[in-house]
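Here is what each chain is made of, one letter per residue.
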Amino acid sequence: MTSGEQHASFEQGRISEGPQGQIRTAGGEQRNRVLGLPLHFLLIAPTFLIVFGLLVYPLGHAIVLSLSNKILTGSVPFKWVGLGNYIDLLETKSEMWTSVGVTLRFALVGVFLEFIIGLSLALLLNREFRGRTWLRVGLLVPLMVPPLASGLIWRIIYDDEFGIFPHLIRTVGANPPIFLGDPDWALYAVVATEVWRSSPFMVLVLLAALQAQPVETIEAAEVDGASGWQVFRLITLPFITPVIIVALLFRTVDALRTFDLIFLLTAGGPGTTTEVISMFIYRWGFRHFKLGFTSAASILLMIATLIICIFYLRMLVVRQAEVQLTQE
Amino acid sequence: MRTTNLKRVRNIAMFFVVAAVWIFYFFPIYWMVSSSFKTRVDTFAIPPKWIFWPTIQFYLTSFTNPKFLKVIQNSLIITGTTVVFSLVLGAWAAYAFARFRFKGSLTLSFSLIVARMMPPIVFIVPLYLLFNSLKLRNTHIGLILIFTVFNLPFTVWMLKSFFEEVPIELEEAAWIDGASRLQALGRVILPLIAPGLAATAVFAALLAWNEFLFALLLGGPDTTTLPVFLSGFLGERDVEWGDIMATATVAVLPPTLLVMLVQQNLIKGLTLGAVKG
Amino acid sequence: MGNVVEERGASRREFLRAGALTVAGAAVVACAPAAPAEEAAGPQAPAVTQASVAANDFEAAYEEVGRQWEGTLLRVPVGGVGHWAVNEAASARFTELTGIETEWENNPYDQVYDKTFLDLGSQSGTYDIIDLNFAWFGQFIATDGLLRLEDYVDNPAFPPIDLDAFVPAVLEVYGMWEGGLYGLPWLGDAMIFPYNQTHFEAAGLDPDAPPVTWDEVHSFGMELTQDDQYGFALMGGRQIQAMCTYAAIFFGLANKGFYNDAGEPQFASDEGFEAMEIMAVKLPEISPPAAISWDIVQAAEAVVQGTCSMEIQWPGILPGLIAEDSPVHGQMGFAAPPGGTPLGGHGIAVSNYSKNKDAAYLLCHYLVSPEIQRQYVSEGYAITLTDLFEDPEVQAINPYLKTMGDAMAIGLSWPRTEETNEVFDIMVKHINAAITGEETPEEATQLMNDEILELRRERGYVN
Numbered sequence: 001m002t003s004g005e006q007h008a009s010f011e012q013g014r015i016s017e018g019p020q021g022q023i024r025t026a027g028g029e030q031r032n033r034v035l036g037l038p039l040h041f042l043l044i045a046p047t048f049l050i051v052f053g054l055l056v057y058p059l060g061h062a063i064v065l066s067l068s069n070k071i072l073t074g075s076v077p078f079k080w081v082g083l084g085n086y087i088d089l090l091e092t093k094s095e096m097w098t099s100v101g102v103t104l105r106f107a108l109v110g111v112f113l114e115f116i117i118g119l120s121l122a123l124l125l126n127r128e129f130r131g132r133t134w135l136r137v138g139l140l141v142p143l144m145v146p147p148l149a150s151g152l153i154w155r156i157i158y159d160d161e162f163g164i165f166p167h168l169i170r171t172v173g174a175n176p177p178i179f180l181g182d183p184d185w186a187l188y189a190v191v192a193t194e195v196w197r198s199s200p201f202m203v204l205v206l207l208a209a210l211q212a213q214p215v216e217t218i219e220a221a222e223v224d225g226a227s228g229w230q231v232f233r234l235i236t237l238p239f240i241t242p243v244i245i246v247a248l249l250f251r252t253v254d255a256l257r258t259f260d261l262i263f264l265l266t267a268g269g270p271g272t273t274t275e276v277i278s279m280f281i282y283r284w285g286f287r288h289f290k291l292g293f294t295s296a297a298s299i300l301l302m303i304a305t306l307i308i309c310i311f312y313l314r315m316l317v318v319r320q321a322e323v324q325l326t327q328e
Numbered sequence: 001m002r003t004t005n006l007k008r009v010r011n012i013a014m015f016f017v018v019a020a021v022w023i024f025y026f027f028p029i030y031w032m033v034s035s036s037f038k039t040r041v042d043t044f045a046i047p048p049k050w051i052f053w054p055t056i057q058f059y060l061t062s063f064t065n066p067k068f069l070k071v072i073q074n075s076l077i078i079t080g081t082t083v084v085f086s087l088v089l090g091a092w093a094a095y096a097f098a099r100f101r102f103k104g105s106l107t108l109s110f111s112l113i114v115a116r117m118m119p120p121i122v123f124i125v126p127l128y129l130l131f132n133s134l135k136l137r138n139t140h141i142g143l144i145l146i147f148t149v150f151n152l153p154f155t156v157w158m159l160k161s162f163f164e165e166v167p168i169e170l171e172e173a174a175w176i177d178g179a180s181r182l183q184a185l186g187r188v189i190l191p192l193i194a195p196g197l198a199a200t201a202v203f204a205a206l207l208a209w210n211e212f213l214f215a216l217l218l219g220g221p222d223t224t225t226l227p228v229f230l231s232g233f234l235g236e237r238d239v240e241w242g243d244i245m246a247t248a249t250v251a252v253l254p255p256t257l258l259v260m261l262v263q264q265n266l267i268k269g270l271t272l273g274a275v276k277g
Numbered sequence: 001m002g003n004v005v006e007e008r009g010a011s012r013r014e015f016l017r018a019g020a021l022t023v024a025g026a027a028v029v030a031c032a033p034a035a036p037a038e039e040a041a042g043p044q045a046p047a048v049t050q051a052s053v054a055a056n057d058f059e060a061a062y063e064e065v066g067r068q069w070e071g072t073l074l075r076v077p078v079g080g081v082g083h084w085a086v087n088e089a090a091s092a093r094f095t096e097l098t099g100i101e102t103e104w105e106n107n108p109y110d111q112v113y114d115k116t117f118l119d120l121g122s123q124s125g126t127y128d129i130i131d132l133n134f135a136w137f138g139q140f141i142a143t144d145g146l147l148r149l150e151d152y153v154d155n156p157a158f159p160p161i162d163l164d165a166f167v168p169a170v171l172e173v174y175g176m177w178e179g180g181l182y183g184l185p186w187l188g189d190a191m192i193f194p195y196n197q198t199h200f201e202a203a204g205l206d207p208d209a210p211p212v213t214w215d216e217v218h219s220f221g222m223e224l225t226q227d228d229q230y231g232f233a234l235m236g237g238r239q240i241q242a243m244c245t246y247a248a249i250f251f252g253l254a255n256k257g258f259y260n261d262a263g264e265p266q267f268a269s270d271e272g273f274e275a276m277e278i279m280a281v282k283l284p285e286i287s288p289p290a291a292i293s294w295d296i297v298q299a300a301e302a303v304v305q306g307t308c309s310m311e312i313q314w315p316g317i318l319p320g321l322i323a324e325d326s327p328v329h330g331q332m333g334f335a336a337p338p339g340g341t342p343l344g345g346h347g348i349a350v351s352n353y354s355k356n357k358d359a360a361y362l363l364c365h366y367l368v369s370p371e372i373q374r375q376y377v378s379e380g381y382a383i384t385l386t387d388l389f390e391d392p393e394v395q396a397i398n399p400y401l402k403t404m405g406d407a408m409a410i411g412l413s414w415p416r417t418e419e420t421n422e423v424f425d426i427m428v429k430h431i432n433a434a435i436t437g438e439e440t441p442e443e444a445t446q447l448m449n450d451e452i453l454e455l456r457r458e459r460g461y462v463n
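The listed protein sequences derive, respectively, from chains D, Z and P.
All residue numbers for the first sequence refer to UniProt numbering, where the first residue is 1 and numbers rise by one.
All residue numbers for the second sequence refer to UniProt numbering, where the first residue is 1 and numbers rise by one.
All residue numbers for the third sequence refer to UniProt numbering, where the first residue is 1 and numbers rise by one.
I should point out that these hints are in silico values taken from the structure, not numbers from a laboratory.
Glycine is no exception: its CB is placed at the ideal position from the N, C-alpha and C atoms.
It is possible that part of the hints are untrue.
[Unchecked claim] One side only, chain D facing chain Z, incomplete, derived with CB under 7 angstroms: (1) P46; (2) L55; (3) P142; (4) A149.
[Said to hold, decoys possible] For lysine-lysine, the following BS3-like pairs were computed, each having C-alpha atoms within a straight-line distance of at most 25 angstroms: (5) P/K355 / Z/K135; (6) P/K115 / Z/K135; (7) P/K115 / Z/K67; (8) P/K357 / Z/K135; (9) P/K357 / P/K115; (10) P/K115 / P/K355; (11) Z/K70 / P/K115; (12) Z/K135 / Z/K70; (13) Z/K67 / Z/K135; (14) P/K256 / P/K402.
[Stated by the list, open to error] If you want a taste of the chain Z side facing chain P, the calculated C-beta under 7 angstroms gives, among others: (15) F44; (16) I46; (17) L216; (18) P221; (19) S231; (20) L234; (21) G235; (22) V239; (23) E240.
Chain D with its partners taken away, still in its complex shape (with noise of 0.2 angstroms):
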């Protein structure tokens, strides 16, 4: 089997439905059925069953109460609003842009610095060096800090009066700012704190579809005389591009919606500097009880995240075909 016959198989059908996709049924008919059901379809009965199983109702509740003024604390005579959450929500004045907007910045910065660290990472760990092993284990720990503490954590090394990194940039000579307390750099002190704890999650999933390249392409492309960054862009990125997707698709799905670290830092301060769209949700659901505007909210967020998701998606998978163009 040669590099190029191999990729095609590994290509075939991944996002897009292409006729190739017969090949996957090879082996007849019988095969894919048992007890007269398709195969596929017991395959993943079971988990589907249990995601919709569980949240349908949740979210058939949420899409419900969007449309009504719902506040669970209960002075307020219930009654249905339509699509009035919505529009105070979208009103330019509404609070909820100053959310978008940090939200945003918060997401793209960090994936991004995630994912450039991730690789990077990824790759050096795919190579052999001595302390390899400890290294791949060690960077695990961050991720495994229950969220409570690593939050106190960082915020006791932030801080300007206890905390041990402004202390070192002073003995070196410089005046750090106040990390959690300067309205320009919290939100990067947090997407910083963000970093730390998920850009493993990156490199273990980078490096897992690293290491599951087969070797021999590689070597192949070397006798061809390919320099190492041709082999990486040409052979090694497009192999990993599907694991890619996913990774970037998750972290940013879970990016959008980080609560936890927030809370713990700042709860959304200083002023409004850091207050995700999660941390809004969070204020106006649990603080305020108000269930029908939260709902609204949320089902904007995912509305939004969706949309985000689906370019992710198109990016990739335009990228993806240049370079098989250029391949061939």
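Position chains Z and P relative to chain D; hints supplied.
Relative to chain D, chains Z and P alone:
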């Protein structure tokens, strides 16, 4: 001569890069662990203290608390079962999405991610009511179910992309030898994607191990997990800093052990892949 | 200025005391017909012949009543560490006496409210005893989740309880709602003003004359602030303590509550603007720059470390100041805050949906008794019985207890209506914005006032 020089420069550069990576990721952990051995006065010393007289009082309070062992046990049961559920169900679905062309497969797999896009906060109240009526609140199985639900979108997508990397020819070879689809899946494909399975398992485990909001509000005294127990050190007026750091340090140990075990598997998966190709 | 405030404080104190007594008295009388007495006491279980474990009459009383509910399990959700640890320890003895088991569920304090609210709101009756932070009172009442206690207080089947023995303001605020008794005063709390007497002396100030106005706090603070040393530890981060500090200043200046008689917020007043000016401009001048991100722990620890000389603080976190290993051990003085202070604190209540109301009431009763309150004192926690504050034995144990009693006497409560959490949230947002300079103090105060007014109008508290 020049190449050895170049090599030396590269080695030194490598050393600094690796050292920087260690410091960035490990300094906060070091600070957490060292705080767990500091008295409160030392923890908040101005300027911060590098050298201090260690105390083990916070570990003593953790380990002498009869609730603590129960909490670890809860966390282990809930995390372990969640991982098994997520991986088994996730691998089935992922395999179906990777290897079968059927109508709406893309939409279906995408709809799974949508389940993860809602901010968890809005799910709390309806889920609370649902769990109440199903008598799932304050039960292990309730938390396992909900964690599995949150894990599945990721597990399915992750494993799907790993399945897709396995050439179909390998599978076909197994069919020709008379294996059924599921037998081929178990014997040929799963060993090949072991690194992917291991990585996915680690993340599924971490989600369940660290999840807080649902564990707190849908759980109860019978299901207290480590993060919930940990948060009990946040008082109305005070934060028991030392207790939190000591308990968090203990909480990091089981997943570290897991990763060390899986680490072996990661390397095995790698060599296996190399031999196979 | 100080005198005027003092006077007004006193008149308010008397007013509250009189009011509370009348209300409590009326409630007790109104419910006197002891019809439900039998029901309240439950079916009389056959006397279990078991050796008594009670060591004195006090314990014997609970043993005698409680044995009939032996084996019952009471669930109590509480807010993590703090006052509750003492109660949990005390309830272990209660279990020995009565055979009634208790389960104390520690949650982070913010979520105790969420959990309790969800439980009462869904009527699932998981919890038997409710920690009644009085700011939550209105919301819990709205769920109809709290049991009226008059019948129980009056019921001779239970050991007697003297409601008049509690600090009257505290009984009113922690226990009464529209004339009904729903909670027993459990944990008293009011912000006090610790200051470092050694620093005062070093700066040429009189160590026995703590500031009596907020202007003095500022001018003393300027004297105390130099190099790495700061006059004040401000809790300026975006969290509830910023609201508490602002409320303390506002109460001290204005000596009036959040709302006027028409239910409108009164922050857009001279005192309200001035309080914001102090909060956002004057106190940051004498606090470390980091204070704009500080929560309670950082501020309290900065005073423990001796970096800051004064603070306005809740007693619950103060044991660190007087601990043996504290860097400021023996240096601290304690005063009531200038002019006024917010009351914090908790009642203890029984869930209306509990299946074990009688046993739950007995435990509440036990935990607020003088004998158990004495145990709180040694741990540095709050008490609610008037006589205990005056008890020399108790005062000897805890150097700031007397001050706390004084502070509770001039304490004003914040509103208890169901939208209070939302009001706090609005306040925290604008106070923090003023401190970090995103809004000017005037803007912040005006916006805060307007938003609260709009909210209260929406909820029908203002016409």
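Okay, the hints, checked on the actual structure:
1. This hint holds: D/P46 has a C-beta 5 angstroms from the nearest C-beta of chain Z, less than the 7 angstroms allowed.
2. Contact between D/L55 and chain Z, as hinted, is supported at the beta carbon level, the nearest pair being about 5 angstroms apart and thus within 7 angstroms.
3. For D/P142, the interface hint holds, the least distance from its beta-carbon to any beta-carbon of chain Z being 6 angstroms, beneath 7 angstroms.
4. This hint holds: D/A149 has a C-beta 3 angstroms from the nearest C-beta of chain Z, less than the 7 angstroms allowed.
5. Restraint check for P/K355 and Z/K135: the C-alpha separation of about 17 angstroms stays at or below 25 angstroms, so the hint holds.
6. Taking the CA atoms of P/K115 and Z/K135, the gap is about 17 angstroms. The hint holds against a cut of 25 angstroms.
7. For the proposed pair P/K115 and Z/K67, the alpha carbon gap of about 20 angstroms is at most 25 angstroms, so the pair holds.
8. Note on P/K357 and Z/K135: the hinted pairing holds, with a Cα-Cα distance of about 22 angstroms set against a maximum of 25 angstroms.
9. Distance check on the hinted pair: P/K357 and P/K115 sit about 19 angstroms apart at the alpha-carbon level, within 25 angstroms; holds.
10. Taking the CA atoms of P/K115 and P/K355, the gap is near 18 angstroms; set against the 25 angstroms cutoff, the hint holds.
11. This hinted pair checks out: Z/K70 and P/K115 have alpha carbons roughly 21 angstroms apart, not beyond 25 angstroms.
12. With a CA separation close to 22 angstroms, the supplied pair Z/K135 and Z/K70 stays within the 25 angstroms bound.
13. Distance hint between Z/K67 and Z/K135 is fulfilled; the C-alpha atoms sit about 24 angstroms from each other, no more than 25 angstroms.
14. Of the pairs offered as hints, the one joining P/K256 and P/K402 holds, with about 24 angstroms between alpha carbons and a cut-off of 25 angstroms not exceeded.
15. Against a cut-off of 7 angstroms between C-beta atoms, the interface hint on Z/F44 holds, since the closest Cβ of chain P lies about 4 angstroms away.
16. Against a cut-off of 7 angstroms between C-beta atoms, the interface hint on Z/I46 holds, since the closest Cβ of chain P lies about 5 angstroms away.
17. Using the Cβ-Cβ criterion of 7 angstroms, the hint placing Z/L216 at the interface with chain P is satisfied: the shortest such distance is roughly 6 angstroms.
18. For Z/P221, the interface hint holds, since its Cβ comes within 7 angstroms of a Cβ in chain P; the closest pair sits about 5 angstroms apart.
19. Of the supplied interface hints, the one on Z/S231 holds, with its beta-carbon coming within about 4 angstroms of a beta-carbon of chain P, less than 7 angstroms.
20. Proximity of Z/L234 to chain P holds as hinted, the smallest CB-CB distance being about 4 angstroms (cut-off 7 angstroms).
21. With a least beta-carbon distance of about 4 angstroms to chain P, the hint placing Z/G235 at the interface is held under the 7 angstroms criterion.
22. Interface hint status for Z/V239: upheld, as the beta-carbon distance to the closest one in chain P is roughly 5 angstroms, under 7 angstroms.
23. Interface hint status for Z/E240: upheld, as the beta-carbon distance to the closest one in chain P is roughly 5 angstroms, under 7 angstroms.
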